[in-house]
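Take the sequences, apply the hints, and build the full model.
If you want the building blocks of each chain, they are given just below.
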Amino acid sequence: MTTLQGLLLLLPVIAIFALTRRRPLGAILGMGVFSILLAGVYLLSHAPDVALVEVAVGTAFLTFYILAVRKKGKLMVVGDETPYLLYRQGEDIVGLEHEILRGFAGELGLDLEILFIPRQQVPKWLVSEDADIGAGGIVPTTREKSNLLISDGYLKTRLFHISRRSTNKRVAGITGSRALKEIEKKNGIADHHEYFSDLCAGIDEGKITKCSVDLVRFIALKRQVLTNYNIERDPEDLSYVFAVSPGEKEIYEGLNTYIARLRSSGELESIIERYLK
Amino acid sequence: MNQLLLPVLFFTTGSLVLLWPRYARLITLVAVLLSGALVAVLTTHFFVYGPISYTIGGWPDEIGIELYFDTIGLYFSALTVVLGLAVSLYLWSRHMQSHFYLLLNFFFGSIYTLIFAYDLFNIFVAMEFLTLLAFLLIGYPRRPYQIWTSLKYLILSAIGMGLYLLGVAVLYYHTGALNLGIIAELIAGEYEMWVIVSSALMVTGMAVRAGIFLFSMWLPDAYSFSSPVVAALLAGLSTKMAGIILIRLAAAFPIDFSLLILGCITGVLGGLYAIFSHDLRRIISFSAFAQIGYLLIGLGGSREAGITGGMLHLVAHGLITSLLFLAGGTAIAAVGGGSVSLLNAKRAVISPLARLSLLIGLLALSGFPWLPPFVGRVLLSGSIEAGWLQAVVSLISLTGVIAIVRLLPVGYISDRNSSLFSCDLSLESLSFVLLLLPIIFFVPLVRMTGIEIDLGINLIKPSMILISGILLWHLVLKERITGTLPKGILQLEWAIITLVAGFSIIYLMIALL
Amino acid sequence: MEWINGVTIGVVLFVIGLLTLMLRRDLIVKLLGLGLLNTSVILVLISLGYYTRGVAPIITGKPEQIYIDPLPQALVLSAIVINLAILALSLVFVMILMERYHTTDSVKIAQQIEYERSQEQAHIR
Amino acid sequence: MIAGKRLTAQKTIAVIVALVFLLVVLFSFSFIGKRPGAGEEFIRQGVEDTGAVNIVAAIYLNYRLFDTIFEILVFALAVIGVRFHLHAVKGKRPALKETPFLSESNVVRVAGDLLAPVVALISLFLIVTGHLTPGGGFSGGALLGTGILLLAVARGGEQVGRSLNDNVVDRLEQIFFVGIIALSLLPPLFGRPLLANFLPLGEPGHLLSSGWIPLYNLLIGGKVFIGIWAMIYCFIRHRGDV
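Quick note, the sequences are listed as chains A, B, C and D, same order.
Be aware that the first sequence starts at 385, since it is given in our numbering, and climbs by one per residue.
Be aware that the second sequence starts at 524, since it is given in our numbering, and climbs by one per residue.
Be aware that the third sequence starts at 342, since it is given in our numbering, and climbs by one per residue.
Be aware that the fourth sequence starts at 557, since it is given in our numbering, and climbs by one per residue.
These are computed hints drawn from the structure, not numbers from a lab.
Please note that the accuracy of each hint is not assured.
[Unchecked claim] To give an idea of the interface, some chain D residues facing chain A are shown, with a C-beta separation under 7 Å as derived from the structure:
hint, residue
1, 612
2, 672
3, 681
4, 690
5, 694
6, 695
7, 698
8, 699
9, 705
10, 719
11, 784
12, 788
13, 795
These numbers were taken from a predicted model, which means no experiment stands behind them.
For every residue, glycine included, the Cβ atom is placed at its ideal position computed from N, Cα and C.
Below you can see the structure in the form of structure tokens.
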């Protein structure tokens, strides 16, 4: 086995490694390594011109992608689109949580950057420090087990269990939420819905027989036809929170004090009033 | 020499636009007029001396890049001149940014290159250039759905061109040549693995660009979401270029049978989807799938008349769709939406000339005698012997008729007061007239180039199909066709899957024959 | 070990690129897959011409020297640049979509666009 | 897009289709042999015809110059497109910050200052000797363009951007682009066909030889340098800082 063959064998390995990364940045860096190895292959294949161009182009390409993906000087917020709390209106994002976060980012002197991702992926983004804050109607899971920092609650909520009056066993929930885990414990199977909009569409088409949602999502769902469904209210009192990346202690503390200040000044009440009443 | 001058002319004017953005539209118009003059010179030369070959830089064929002017070049450069004039007139009073004119100049440059290109790698480069131009043209107004459509287009075409380049690589290492003429001589009846795989790869690559069902599922969105001018350019020229390359490939490679099957598939499925669409631009886009079917069936028969017929049909369809998209754009802007019911309800608002253009275009699309596509279809069905193939061709024509029957009332001139010629003589109307003229005089023009069409006998079948289509619609189908066919196939992921699966199918068809 | 050559590896890379395009939903990763796909074709082109005994096509004047075929290398230079252009332009378009929809998930974006268009149509009616 | 079920079906089909593709192509590629002697004409006549020792450069900039012109056009188009669309995204961007983020540490600053001239020298060497050794306009230009990024990291995007601002970039881009097109139009004035070299070939192996290949290398190098920098600057501005 020659050097050339060794290098060639490395190529698919690195490509697969790079392209299965969850974070775009990881994939980009992986492809950067790939490009340099490829230049080596060209050099060994007696194509020095091509190798040089590959190096030059690979560097340029790496620069573009890193510049496009890496955010700097920004408060990065990830979460699913949530009615009333965090949603798109035309070009802009509005909502209760957005109001709070915008104020908070302004206080820190940062731009607010919001990226919608599936709910289940929020913890991963926070742990890998690609994002600072997770939002979008998060109801805390057991605090001790999670290594995320969970801020104080800013709004009371409850869970609602919706089930269809039929015998079909298919159930659904927002993936990764506490509600889904509970259903899974009870029923065994569940359809995974990465976004709330998927769930809405599913209920519209009548394909979903069972799901659990939190208060704001329930209100949004109630606008749709829920005639065929039984609704059961969970007795447990919960509240909406923000999740903060484990490395960002300062942001965590700042956010808590910010929420406390909003509450004491009565501003929080007025924001809630504006969006939920 | 002139072949080379044409693209270089447009690249020069493109850089002039870059230097003096203020005179962009003037420069473009002058460039189009100049190209018309150059094409005229080429044409006279062609009629006197026959096909013209020119290798760039004075090198021999084997190592240089050859540009070749033959009948294909004749028809398509004429089409490009007409379309170029129409488009630059249409745009004259709409103040586009100089960026758009820059793209337009480059667009024509790459189109002329592709019309004359006879070198496989030259085709690749010009094609990629065209891809990027079309990508930027579709996304130019920067609406989100246009951006998404152009991204889809770019990804699919890039996959297609990757496959094509793979095919070229295999071919090069076996023949040591990139020139199509030399390769055709070297292959000449050989039927080995490398011929099979390289031709399958290249045909798949071109199929993505040519607008063949299962392969180019970017097409309906791109045609119906982009601005009218861009849609006209895409439908009239960009996709047709891949058609030209397919004609050239079919002359060299043993791909007749697979093209025949592809033609049947795209014709029937495209026609069905067109019937089940309810929007003017969607209907035209899906019928574009059906229309490319004629070319492929013509190529698949590998008879002289069939190939000429297919090519003429391609030119005719280019003329008609661009007219339809331009006139349709005007109509949709006047009415406020493109759905069939809306257009029919508010047809009085549309300017009479646009309505007339729509009527003529739609009739032509359905194969109305004397109008352009009729010529190609007559030649084509004359060349087919197999009964089942005749049936398929008739079926495609029938679906074409049914798809457009609903739209015909739009052209009906309801109020006698607004006569055709009272409309203001704006430049926009001039561009419609410019496109209508070659459409109406298509038959005499074709006769001038020495192709004989017997009108008498061939009138019967198209009229039968037309009448039966109209009757079928009004008596049977009118109430039944309401929904749409599954739209999932237009999604990016499915489009890629069908494209890759399509490659395997083409490969099998070439290998099994 | 003959089968480990640039051609087979190139084809494998091509398929990896295709799979990325079909399976990953993140648009940025999709674009990287597209880049991989085009690069793999270039690898095939270069490797098809590879001789162990040949040297790079820079004429040194030594007699009896075997040179690698220079034409594919010249072609590939153009192909690499085109690849870069495609990736840069599509990245910009992805960024425009990201600005607007705040996500890079292709399925989500397609859904949103469909929804917005249907709203627009309804508005017209 | 309801259900995960349909998604998994799609994924399964995708994998199957891709595997079939892999098998088909690998199977048929295993039959492919090589035709000896492809491209021999270039090796035999290249030096004589074009005067360039590097045959790749000879093909790239002489035999198949038409393809290269297209490549330049594609690249120019990419730059134009990136600038056109990125300028428009969110029209109001905050001005670049005066004090850059990274260069607060002296190490980065010094390293950037030291490395930038080295990179510049290497890329200039690549551009100038493109017809003699591997390299050429494109790789040199691209390296130079990304090398500027080093300066931008060391000194901050704003400072570099001030000397290479939009107007300068616009001007330079036009000059190089028009220069390339104009150079290809010149040959008829010297009685040669279009896109054919009209300068004396000189003695192979010398710096000033092989007709217009070095000239083209210089022009392409400049064009690519400006283009890459323009794109990077657009991305930097869009992002806010280096």
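For each hint, the structure was consulted:
no., hint, verdict
1, 612, "holds, 5 Å"
2, 672, "violated, 14 Å"
3, 681, "violated, 11 Å"
4, 690, "holds, 4 Å"
5, 694, "holds, 6 Å"
6, 695, "holds, 4 Å"
7, 698, "holds, 4 Å"
8, 699, "holds, 5 Å"
9, 705, "holds, 6 Å"
10, 719, "violated, 19 Å"
11, 784, "holds, 5 Å"
12, 788, "holds, 6 Å"
13, 795, "holds, 6 Å"
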